[in-house]
Amino acid sequence: MDASHSIRAPAISILLISASALAFEVLLMRIFSVIQWHHFAYMVISLALLGYGVSGTFLSIAQKWLLNRYPVAFVGNSLLFGLFILVSFLIAQSISFNPEELFWDWTSYFRLLLIYLCLSLPFFFAANCIALTFLRFGDKISKIYAIDLIGASIGSMLVIALLFTTLPNEAIRYLSLAGVLAGLIAWIEIGNTTHRLLISGVCAALIIAVIPSSWLALKISPYKSLPQVLTISGTRTLEQLSSPLGLISVVESEQVPFRFAPGLSLLATQTPPEQLAIFTDADAMTVITKNQGDRQSLSYLDYLTSALPYHLRRMNNVMILGAGAGSEVLQAKFHNVANIVAVELNPQIIELLTHRYADYSGNLYKSDNIEVRIDEARGLVLKDNNHYDLIQLAMLDSFSAAASGLYALNESYLYTVEALTEILRRLNPQGYLAVTRWVKLPPKDTIKLFATAVDALKLLSITDVEKHLVLIRGWQTSTLLIKITPFTLQEIAAIKQFNEKRAFDAAYYPGIKPDEVNKINIINQPYFYLAATALLSEDSEQFIKNYKFNIRPATDNKPYFFNFFKWETFNELLGLRKQGAMAMVEWGYMLLVITLLQVLVVSILLILSPLKLLKTTQHGIFPGYLKLKVFIYFSAIGLAFLFLEIVFLQKFMLFLHHPIYAATAILTGFLLFSGIGSALSARLLNKLQRKRIVIYAVTGISVVSLLYIAILPGIFNGFMQWSLLPKMIFSMLLIFPVALLMGMPFPVALSELNVTSQPLIPWAWAINGCASVVSAVLAALIAVQYGFTAVISLAVLLYIVAAIFFPNQKVTFAREKT
Amino acid sequence: MVNYRILSVLLFALSGSGLSDALFAADYKIQQQAMIDAIQNDVIETSIYIGKKAFDPAVMKAMASVPRHEFVPDNQKSYAYENRPLPIGYGQTISQPYIVALMTDLLNLSKEHKVLEIGTGSGYQGAILNELTPQVFTIEIIEPLAKRAIATYKRLQLDNIQVRTGDGYFGWEEHAPFDAIIVTAAADHVPPPLVQQLKNGGRMIIPVGSRFFVQQLVLVTKDSEGKITTQQILPVRFVPLTGKH
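First to last, the sequence lines map onto chains A and B. Taking my numbering as reference, the numbering of the first sequence is continuous, increasing by one, and the terminal residue is 818. Taking my numbering as reference, the numbering of the second sequence is continuous, increasing by one, and the terminal residue is 245.
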């Protein structure tokens, strides 16, 4: 211990470090979603967070040496944290890596490992600062932890704001500066450090401030669609807009038109007119179509499968969910729909269509008969009291991402049984719900959607479900029509005529015969027809069970429509990998499994390695059962905390109907209230035994969590009509009790260790850090397979286990005996 | 069979001597034969789904003749004869040999046929087609790739392959119609002009999927009366979709 007992805990610095670390984590996810794909981003960031675990292991070894130099150690780590936010980003970007080559080229694993190591360094340094402060100010652990959590909650809000105002790569600079600033503030707060550190910090800040922006430019994978388009002569990016919803790039191509027309009929003669492309996160291309009033130039819109409903009856009121840049809206307008409601979540896309490119689009979104609503699709459907002749779900994902299974873990509350039911309730009696999807072989989402539609119709107490569905396909896209009244013979005749004129196939309509299918776009077996008829039969459950991909309809409890993974099929595909079967693997899910395995292996190494050192240090011998208690306790609460946080985030996303506002309210609320709970626990330490505090906290967490499983759906339904702000406040009030209590177990147990076995604190920190990382991945895996209720139940069980294994065992040091 | 990896090590040791050039060539031949064997094995494995147990001997002969290593960047040459796609820059790849052979076989080419390729890429597919018919037309939109392919064809004296830099959407009207068309450039639909430039009785093949994982091949056929059908072919052995595990 250093002689300067007047050192204060650097509260402001810790606040800033925690805020910056969380913001950096979120920002990295955003950046890697742009330069790679979303689930690979998830994998990289999960591993990087093991920097927290490494910190614990490191401090287990070096704690005495560092504590003797606490001021220098803290300031130094803080400055390194700030500096390495930028440095690690630059290095990681410079490492050439393509996830798809992992299968073909084993050396790619080394590059991946380097990326992990680079990105984990800032988290390592940040964690050192926090853990060292726990060790140095053992009697203030609860307060320090409270500041850590409150700082993280501020970071979660700030990063959302930052992403709206700054490009993600520039935001790196600001966070890096914030980290260095934290070090400089610590230099003042703690004192007793050298001027060299101050000068170093100032120099670092200056370097960060003046680094050219070109150095920070994002190096996007050349295999994403935006970089590929930009290799074509005459293309250029007109502008980029950033938000938490994605990085939007608007691209023009002067020489080679985009000609975006997914699934265009082979018999189409009209090619699409001039278009501007819009990419989200360098992929998922959509277009703004140039519309100067020439109707003929838009006739290609009538040669898509999504045009089918317009040929069945005249439409007066149409709603397009996920309108984006307006392709489906233009299609509706082309078919002379009187009133169109275009619903789009991303305000930046609407801004492009209503301002900058309004003229280009022929003022599409400013037309008198088109009402644009910036809102989340399902939320709007619930609030809207109108009824429609047609509701279209726009096809939002690009084929390559869809085909590779990279959406497997994107939850979607729009493709659940409950969502389809709610949408169907908004139809006029003769209205249609139309959903267009990419055709994938073997069939997956098209028939999963069909199964979902069957369940939705049954939920509406419709008994002759087979009369309410129609499915057509080209070789690239399929369109499913759902009605709440049976399809008529006239409609079926119109469908046949539509198909014949465009070389599309009917996969199902009421009364279809086997010899009418698979005639033009031929596949090996009439899979779509066979699936449709099986799903409408009494053997549907058996069919779903036996099907090689997961086509069980998604529900609000398991809203993972895009997860088609089955282990049995994976094993079969693995055996056929040399015949190209890897293309059929659902990589989103597999990446998650691979991430979990990697995290577990590294965690085991990080957690086990200090044990040997602890045994042979001068700090004495720790009983095996104490170490076991510490391991179980800190693992359990590390797992359980994030289980509950993630699940509640998902559940409240359904209530708030907006991913950003849900994330902001719930994440901020959890961290803030947990921080308050931690601070509160400090006061309770004087009044209650530590174990008792944990028992009370766990009891409260369990009761509230289990209660919420039962009552939240009802509460959500009751208050669904409220506007967004009251709902956000209400949501935060709902999570307040459980989050407050969740802030207690960790600092209380660390306080206990501080009294009974202080050298175990870094090890406990390592365990908790690793468990948190495992938890994020495991929660997603469990939710996909078993639903949110299972995750909550498991979290409650883990908290109970933790309470049982509270590490309250005093250790007699070897020194004391001599 | 000689272990060609050991041979590569020996060749490295001998590099700089005149002997090494001949030995390098022999090494590639050995690797190429291993690639042919692998393709033939894959065909047998996927026979139920592609409808045959062997490709056209002319196609296999073409695969055995064209030096794939000439079409890949230097840092990929040691992998040139592995049965896998390889990056060639600009976000493009040279396709997996099995897929190249399968697509070529599906086109059913003969010497009098005229074939159009949209998306020259490395030029390898064009060179394979050239072994089956002298009338090969290929279009590449990325200028550096087109130039590279032209240079490679010149080096290998494949003078009859006609390469054009530009937009392949409208095909190559001056030489239309075509008996066969391969569309390797990514597109979200089949360009109507290409359908129009396909002869009656002609075939068009389109690989679908990502650069590194072809998911399916779409065979577009125009019959003698001009009627269009498509057939989606899975290039992988995959038993029916339902069944016990």
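Any given hint could turn out to be false.
Unchecked claim - Restricting the straight-line Cα-Cα distance to at most 27 Å, the calculated cross-link-like pairs of lysine-lysine (DSS-like) are: (1) 219/A to 77/B; (2) 496/A to 222/B; (3) 501/A to 227/B.
Rather than coming from a laboratory, the hints here were simulated on the basis of the structure.
Here is how each hint holds up against the structure:
Restraint check for residue 219/A and residue 77/B: the C-alpha separation of about 26 Å stays at or below 27 Å, so the hint holds. Using a Cα cut-off of 27 Å, the hinted pair residue 496/A and residue 222/B holds, with the two alpha carbons roughly 21 Å apart. Of the supplied pair hints, the one linking residue 501/A and residue 227/B holds, its CA atoms being roughly 12 Å apart against a limit of 27 Å.
Checked against the numbered hints given earlier, this structure breaks none of them.
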